[in-house]
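There are 2 protein chains.
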Amino acid sequence: MMCFKAVHFSEVTNEDAGEPGVKIRWLIKREDGAPNFAMRYFELEPKAKSPHHSHEWEHEVFILDGQCNVFCDGQEKTASEGYVVYVPPKSVHHFENIGENRLRFLCLVPHKK
Amino acid sequence: MMCFKAVHFSEVTNEDAGEPGVKIRWLIKREDGAPNFAMRYFELEPKAKSPHHSHEWEHEVFILDGQCNVFCDGQEKTASEGYVVYVPPKSVHHFENIGENRLRFLCLVPHKK
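Quick mapping for you: the protein sequence lines, in order, are chains V and D.
Under this note's numbering, the first residue of the first sequence is numbered 21, with each subsequent residue one higher.
Under this note's numbering, the first residue of the second sequence is numbered 21, with each subsequent residue one higher.
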């Protein structure tokens with residue numbers, strides 16, 4: 021059994037997420053012993069966006085600060101600090117930073133089978 | 021397929037969590053269509069604590085604000101805003117608010133089978 025972990029997010033490696041102005045930190049992952057799902061931390065520069073795409077898994081998101089538009093299956097909603105967003109499996113979606121400051125959110129996903 | 025959801029946490033029902041000074045909001049749950057895991061939001065008054073217990077499932081936690089001690093299998097760590105905590109399945113654990121202000125954190129769990 022893996023040990024208990026408690027670290028500040030800033031201690032976790034900050035990686036390029038593959039899109040301009042988008043960084044990712046894998047806060048809790050399979051290697052920590054987590055059996056079911058992963059916690060990721062995203063930071064987007066102003067105007068940065070995640071890819072407009074679809075996949076088999078869901079997203080569970082909590083906005084820490086900043087302001088974004090969330091696009092999902094032709095719908096669009098604005099979200100800011102304290103918003104919770106659920107993106108269903110197979111939906112076509114993306115997040116875009118529409119504010120003047122950085123956008124930070126948690127995005128959790130099930131482990132790939 | 022369930023729809024995309026984007027709401028402020030304060031729009032989600034605030035419920036007693038079963039311990040003095042501990043409230044819970046189920047931000048994303050099975051009824052939202054989430055197939056694998058749930059996102060819960062906890063608020064603890066100063067000195068409030070979660071029960072010292074053990075169960076078959078893990079916790080994935082992110083501290084939003086406040087200051088707490090996390091106890092897990094005889095270890096103890098202090099965590100505050102921006103800390104990520106992973107509590108493994110079957111560990112004996114609890115969270116205690118040791119600050120002068122409220123403690124707020126997200127705690128995600130897999131759905132019960």
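Incorrect hints may appear among the rest.
Pairs involving identical chains hold if they fit within one copy or between any two copies, as the list cannot separate such chains.
[To be verified] Mimicking DSSO-like on lysine-lysine, the simulated pairs with C-alpha atoms at most 30 Å apart in a straight line are:
#  : residue 1 : residue 2
1  : LYS69     : LYS133
2  : LYS67     : LYS43
3  : LYS69     : LYS49
4  : LYS67     : LYS110
5  : LYS97     : LYS49
6  : LYS43     : LYS69
7  : LYS110    : LYS133
8  : LYS67     : LYS133
9  : LYS132    : LYS49
10 : LYS43     : LYS133
11 : LYS132    : LYS69
Just so you know, the hints here were simulated from the structure itself, not pulled from any lab data.
Small disclaimer: the values here were computed from a predicted structure and weren't measured.
With identical chains, the pair LYS67 and LYS43 could be close in the same copy or across copies; at 30 Å between alpha carbons, which is it: within, between, both, or neither?
within (13 Å within a copy, 36 Å between copies)
Regarding LYS69 and LYS49, is the shortest C-alpha distance of 30 Å or less found within a copy, between copies, in both, or in neither?
Both, since 23 Å and 26 Å are each at most 30 Å.
Which holds for LYS110 with LYS133 at a C-alpha limit of 30 Å: within a copy, between copies, both or neither?
The answer is both: 16 Å in one copy and 23 Å across copies each meet 30 Å.
I want to check one pair: LYS43 and LYS69. Are their C-alpha atoms no more than 30 Å apart within a copy, between two copies, both, or neither?
Answer is within: at 11 Å inside a copy they meet the 30 Å cutoff, but 34 Å across does not.
Intra/inter-copy verdict for LYS43 and LYS133 if alpha-carbon distance must be at most 30 Å
within (24 Å within a copy, 34 Å between copies)
Are the CA atoms of LYS67 and LYS133 at most 30 Å apart within a copy, between copies, both, or neither?
neither (33 Å within a copy, 41 Å between copies)
Are the CA atoms of LYS132 and LYS69 at most 30 Å apart within a copy, between copies, both, or neither?
Cα proximity of LYS132 and LYS69: one copy only (23 Å, versus 34 Å across).
Indicate which option fits the pair LYS132, LYS49 if close means a Cα-Cα distance not exceeding 30 Å: within, between, both or neither.
both (11 Å within a copy, 20 Å between copies)
Check LYS67 against LYS110 for me: Cα-Cα at most 30 Å, and say if that holds within a copy, between copies, both or neither.
Within one copy only: 25 Å inside, 43 Å across.
With identical chains treated as interchangeable, where does the CA-CA distance between LYS97 and LYS49 reach 30 Å or less: within a copy, between copies, both, or neither?
both (29 Å within a copy, 20 Å between copies)
Regarding LYS69 and LYS133, is the shortest C-alpha distance of 30 Å or less found within a copy, between copies, in both, or in neither?
within (27 Å within a copy, 36 Å between copies)
Violation of the numbered hints given earlier is confined to hint 8; every other hint is satisfied by the structure.
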